[in-house]
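Peer 1: Read off the chains here:
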Amino acid sequence: MLESLQFIYAPQIVNGLSIGVAVVLMALGLTIIFGLLDVINMSHGEFYAAGAFISVSLMAMGVSFWFCLLLVPMILVPIGFAMERLLIQKVFHYKDRHILTLLLTFGVAMVLEDAYKIIWGANPIKPSAPISGASELLGVMFPNYRLFLMGFGALLIFSVWALIYKTQLGAIVRASAFDKDMSSSLGIPVMRVYALTFALGVALAGLAGVLLAPIYSVFPTMGRDFILMAFSVVIVGGLGSIKGAVIAGILLTQLQSISSLYISPVWSDPLVFTVMVLVLMFKPSGLYGGMKNA
Amino acid sequence: MKKQFETKKIAVAVALCLGASLVSAQPGPIKIGVVTPLSGTYTPIGEQVKMGLDLAAREINAAGGINGRKINLIYEDEEANPAVATQKAEKLFQVEKVDFLTGTVNSGSTLAVGQVAERNNKLIATSVSFADSITGDKCSPNVFRVNARAGMQSAALAAWVDKEIPKSNIFFIGPDYEMGRSTVSAFKRASTEKGAKDVGEVFAPLDNKDYSPYFGQVRAAKPNVIYTSVAGNDTVRLFSQMEEYGLNKGVTLVGASGTVTSQNMGAIGKSANGFVTGVGYSPKLDNPANKKFVADFQKAYNKLPDLYGADSYGLLYFYKAAVEKAKSTETDKVRTAMDDLSWQTPQGTKKMRAGDHQAMQDMFAVRVENGEFNIVGRVPSDQAIGPDVCTRF
Chain A
1 MLESLQFIYA
11 PQIVNGLSIG
21 VAVVLMALGL
31 TIIFGLLDVI
41 NMSHGEFYAA
51 GAFISVSLMA
61 MGVSFWFCLL
71 LVPMILVPIG
81 FAMERLLIQK
91 VFHYKDRHIL
101 TLLLTFGVAM
111 VLEDAYKIIW
121 GANPIKPSAP
131 ISGASELLGV
141 MFPNYRLFLM
151 GFGALLIFSV
161 WALIYKTQLG
171 AIVRASAFDK
181 DMSSSLGIPV
191 MRVYALTFAL
201 GVALAGLAGV
211 LLAPIYSVFP
221 TMGRDFILMA
231 FSVVIVGGLG
241 SIKGAVIAGI
251 LLTQLQSISS
261 LYISPVWSDP
271 LVFTVMVLVL
281 MFKPSGLYGG
291 MKNA
Chain B
1 MKKQFETKKI
11 AVAVALCLGA
21 SLVSAQPGPI
31 KIGVVTPLSG
41 TYTPIGEQVK
51 MGLDLAAREI
61 NAAGGINGRK
71 INLIYEDEEA
81 NPAVATQKAE
91 KLFQVEKVDF
101 LTGTVNSGST
111 LAVGQVAERN
121 NKLIATSVSF
131 ADSITGDKCS
141 PNVFRVNARA
151 GMQSAALAAW
161 VDKEIPKSNI
171 FFIGPDYEMG
181 RSTVSAFKRA
191 STEKGAKDVG
201 EVFAPLDNKD
211 YSPYFGQVRA
221 AKPNVIYTSV
231 AGNDTVRLFS
241 QMEEYGLNKG
251 VTLVGASGTV
261 TSQNMGAIGK
271 SANGFVTGVG
281 YSPKLDNPAN
291 KKFVADFQKA
301 YNKLPDLYGA
311 DSYGLLYFYK
321 AAVEKAKSTE
331 TDKVRTAMDD
341 LSWQTPQGTK
351 KMRAGDHQAM
361 QDMFAVRVEN
371 GEFNIVGRVP
381 SDQAIGPDVC
391 TRF
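Top to bottom, those sequences are chains A and B.
Using the working numbering, you'd call the opening residue of the first sequence number 1 and step up by one each time.
Using the working numbering, you'd call the opening residue of the second sequence number 1 and step up by one each time.
Hints are supplied without guarantee of correctness; some may be wrong.
[To be verified] Label-pair restraints from in silico Cβ distances:
| no. | chain 1 | residue 1 | chain 2 | residue 2 | range |
| --- | --- | --- | --- | --- | --- |
| 1 | B | Thr192 | A | Pro78 | 27 to 35 angstroms |
| 2 | A | Leu103 | B | Ser328 | 48 to 56 angstroms |
| 3 | A | Ala115 | B | Arg119 | 47 to 55 angstroms |
| 4 | A | Met61 | B | Lys327 | 39 to 47 angstroms |
| 5 | A | Gly170 | B | Gly250 | 49 to 57 angstroms |
| 6 | B | Asn302 | A | Lys90 | 29 to 37 angstroms |
| 7 | B | Ile375 | A | Val140 | 55 to 63 angstroms |
| 8 | B | Gly269 | A | Ala115 | 24 to 32 angstroms |
| 9 | A | Ile79 | B | Asn302 | 29 to 37 angstroms |
| 10 | B | Arg189 | A | Tyr9 | 31 to 39 angstroms |
| 11 | A | Val140 | B | Glu96 | 38 to 46 angstroms |
| 12 | A | Gln6 | B | Glu90 | 50 to 58 angstroms |
[As the list claims (entries may be wrong)] Result set (DMTMM-like, lysine to aspartate or glutamate): computed pairs, CA atoms no more than 20 angstroms apart in a straight line:
| no. | chain 1 | residue 1 | chain 2 | residue 2 |
| --- | --- | --- | --- | --- |
| 13 | A | Lys117 | B | Glu76 |
| 14 | B | Lys188 | B | Glu164 |
| 15 | B | Lys91 | B | Asp77 |
| 16 | B | Lys222 | A | Glu3 |
Calculated from the structure, these hints are not laboratory results.
All of these numbers come straight from a predicted model, not from anything done at the bench.
Ideal Cβ placement from N, Cα and C applies to all residues, glycine included.
Chain A on its own, in the form it takes in the complex:
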């Protein structure tokens, strides 16, 4: 019993956590963009892929992985800013903008996916992990890179939370989301705040791409990998809530991880979606309300 706890359950929980951090990193950008702009960004996964592809190219040019962590989000911020300004704001003022922005970002996703195939080719690329080896904890092996991912991811998630809830900049962002007209009459450049927040979400997706590329490899359709899970996490956690995304992300991935010990892996996805359906039925606002209510 103790042995199975040590060699089967403990590693399983840690594996689940490392996937959980990955999923939360994906869900974070989604939930911020939704919480503020009311935009469901269907191209989020493709920006995750963008981060991975750009980092692979930079590393091929000799840039170190650690510098990529800084550089890739900086490259993606202006791209995200431009996309919000040039595309999303064009349809933002229509009455049915939920559908319009969803279709728009879905279209962008398809264009990006094909662009990756043309630029980088369809074959997978696998960057080597910048931290190799494994550590032994209580007789169980844990890959060092995954341990780093968990630590760094937790730090990142905390920083984003602190940025939005504990700084003046975050207060401006929240105010713009809460009442657009009031904020702009107080002199806040609301449109620029929207574009910057969208860019922050895109940069977070890209950063997740850099971080996860050494584990999951890089190929044009990789954006589809996390996107369903990330959307479920955002829905279960409550659209727009960072705390909700973190808690739901960890809960759902643990559910997947532990359940796969007992049931066939194909059933773990339906299990997650069942939870999502139940949440939608009984508490449609999710576990925690949106950013606007915070």
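With chain A fixed as given, assemble chain B onto it according to the hints.
Peer 2: Below, chain B without anything else, positioned relative to chain A:
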């Protein structure tokens, strides 16, 4: 006089028109539809299919075509999805009026497209799908397979495993669909017959991103051999994650021939070293036809062919031989010609077994060493093919 001249002119014009219509009644190029994954996890496989077919088509067309008709390949992306594949196949049969169809990779797609072919009274062949059922209990008079099926690959691999690691404990990891189930059950049967022990199995969804949640089950089973039939990008993740967790230490990795290919080997890197598979082709095969094929392939694409490229290349020569023997592209005549047909491929002479439409060929055990598939064992075609279990025709 003038009138006579006019009549003559009209007669010539009519004759010309008739001639023209006769010429247009002469068949144009032979259209071959190719429904293959050009996106998704099986893209690397679809690429080899395309390279093999294109190379063979160029050669055949340069040498005058089939019965004087050029080959025209029409590609459609099946996304390794049976639902998409059937739509694309239907379109190729109905709109493009293709004479023949090939390219399906996902075994589910091959089975589904086979039914579309039956409805349209056309023939298809797969040069990739492994699932035994395609030429077994779900065989179709309209479906042919020119590549080695799962059972044949297993025979070669099980013989090697039994020789190297007798009485091994084997854990099975397969993708959760027709091909995965089929390859795992085929290898399980072949290896347990030789005394190996089945210590557990797990089937992961296609396009699975993280295999580490299943490693708990693998660890608990304490295998010394792990068999897997995941393919494409999935292999890259499985192998590198196994390496990450040290799961491959003290374990011999074996698997289906589609698991490690020249397309994904670069991304897998050193984790692929030592992987052994049963396969119907290796670029290292030592015969003149293969040497020429490998050289031409490398010249055209600057990379080595793998089994998909080689079998897809051989497929067009199979179709050519059948149409030339039938002197027609009509379905019934070509089918009769294909039965028991022998033809030349880079793997040597293959023979199409009439009873189940499964090609017979020698099988090899190959080991991946620093990016090369070295041949470590061989099973002759009659021992590898297994019984004909098709009862539909």
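Peer 1: Hint by hint, note whether the structure agrees.
Peer 2: Results for each hint:
Range check, B:Thr192 to A:Pro78: Cβ separation about 60 angstroms, and the 27 to 35 angstroms hint is violated. Judged by the Cβ atoms, the range 48 to 56 angstroms given for A:Leu103 and B:Ser328 holds: they are separated by roughly 50 angstroms. Under the hint 47 to 55 angstroms, the C-beta atoms of A:Ala115 and B:Arg119, about 38 angstroms apart, miss the expected range. Between A:Met61 and B:Lys327, the C-beta spacing of about 59 angstroms breaks the proposed range 39 to 47 angstroms.
Evaluation of the 49 to 57 angstroms hint for A:Gly170 and B:Gly250 yields a pass: the beta carbon distance comes to about 51 angstroms. For B:Asn302 and A:Lys90, the Cβ-Cβ distance of about 44 angstroms falls outside the hinted range of 29 to 37 angstroms, so the restraint is violated. Range check, B:Ile375 to A:Val140: about 39 angstroms between beta-carbon atoms, so the 55 to 63 angstroms window is missed. The hint said 24 to 32 angstroms for the Cβ distance between B:Gly269 and A:Ala115, and at roughly 26 angstroms that hint holds.
Here the CB-CB span from A:Ile79 to B:Asn302 is close to 33 angstroms, well matched to the stated 29 to 37 angstroms. Distance hint for B:Arg189 and A:Tyr9: a CB-CB separation of about 33 angstroms, consistent with the stated range 31 to 39 angstroms. Distance hint check: the CB atoms of A:Val140 and B:Glu96 are about 57 angstroms apart, inconsistent with the given range 38 to 46 angstroms. For the hinted restraint 50 to 58 angstroms between A:Gln6 and B:Glu90, the CB-CB distance of approximately 55 angstroms keeps it satisfied.
Of the pairs offered as hints, the one joining A:Lys117 and B:Glu76 holds, with about 16 angstroms between alpha carbons and a cut-off of 20 angstroms not exceeded. Under the criterion of a C-alpha separation no larger than 20 angstroms, the hint pairing B:Lys188 with B:Glu164 is consistent with the structure, at around 17 angstroms. Between B:Lys91 and B:Asp77, the direct Cα distance comes to roughly 12 angstroms. Compliance with the 20 angstroms bound is thereby established for this hinted pair. Straight-line distance between C-alpha atoms of B:Lys222 and A:Glu3 comes to about 14 angstroms, which keeps the hinted pair within the 20 angstroms bound.
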